[in-house]
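*Asks:* In this note's numbering, each residue carries its 1-based index in the sequence shown increased by 7.
One thing to keep in mind: the hints can contain errors.
Stated by the list, open to error - Here are the in silico distance ranges between beta carbons for each label pair:
#1 I68 / E23: 45 to 53 Å
#2 D171 / S192: 20 to 28 Å
#3 G55 / V34: 28 to 36 Å
#4 P150 / A210: 15 to 23 Å
Since the hints were made in silico from the structure, they are not lab data.
C-beta: ideal position from N, C-alpha, C; glycine also.
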Amino acid sequence: MNNCARCGTTNKAGSEYCVACGQDLRVPTRMQAFRDRFSSSVVWPLLGALVLAAVGALVAIAVSRGDDGTNTLVATRLPARTTVVRPPIFGTETVATTILPIVTTTPPPQTTTSATSTTLTPWTVADGYTLVLASVPKDNGRPSAVQIAKRALAAGLPAVGVLDTNDFSGLQPGYYVVFTGVYTSNAAAATHITQAETAGFTAPYARRIIR
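Could you put together the complete structure from these sequences and hints?
*Replies:* What follows is the structure in structure tokens.
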């Protein structure tokens with residue numbers, strides 16, 4: 008009787024295969040047994056190690072020579088080197104900034120207003136020239152002459168005053184003379200005739216005054 012080593016089924020003597028599982032029941036020769044044991048325990052692991060060593064050597068040679076792997080026997084091709092170009096970064100993130108317009112405020116022009124003089128100018132020089140605006144008889148009174156003088160001041164004429172002709176030689180006595188300006192020459196006084204006429208006086212004239 009021949010028992011199957013795999014399933015334990017009893018087979019007839021001389022049977023080559025198990026009737027239950029098909030296991031080979033033939034007794035292997037010494038050479039076959041050695042070959043089977045050697046191939047199962049040594050050959051395949053050894054061949055695997057040799058193949059891995061060969062692949063590693065080929066990869067090392069390709070890398071050291073800069074080979075891209077096209078001429079090697081390795082089934083898996085190594086990827087080519089990839090260079091990623093990155094633009095340089097300058098500064099920091101740009102932040103939008105709103106710039107307010109510059110408004111220049113021009114101060115209003117300063118207006119210098121000279122106060123109109125209301126004070127009559129006394130005659131203080133011994134010998135000088137002036138512009139006569141009006142001659143008022145003393146019978147009409149000094150207030151009439153002062154009123155005319157204040158009108159001249161309001162019109163902007165300079166150095167307006169009232170003379171009593173009785174106090175000055177060379178002038179006909181009995182009058183109050185309304186004058187404007189004190190000058191050193193007759194010509195200088197005459198240059199202001201137009202100004203007096205513009206102020207509303209119809210017959211101004213230049214005159215020398217001697218005390």
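*Asks:* State the violated hints by number, sorted upward, taking the hints as numbered earlier in the document.
*Replies:* none
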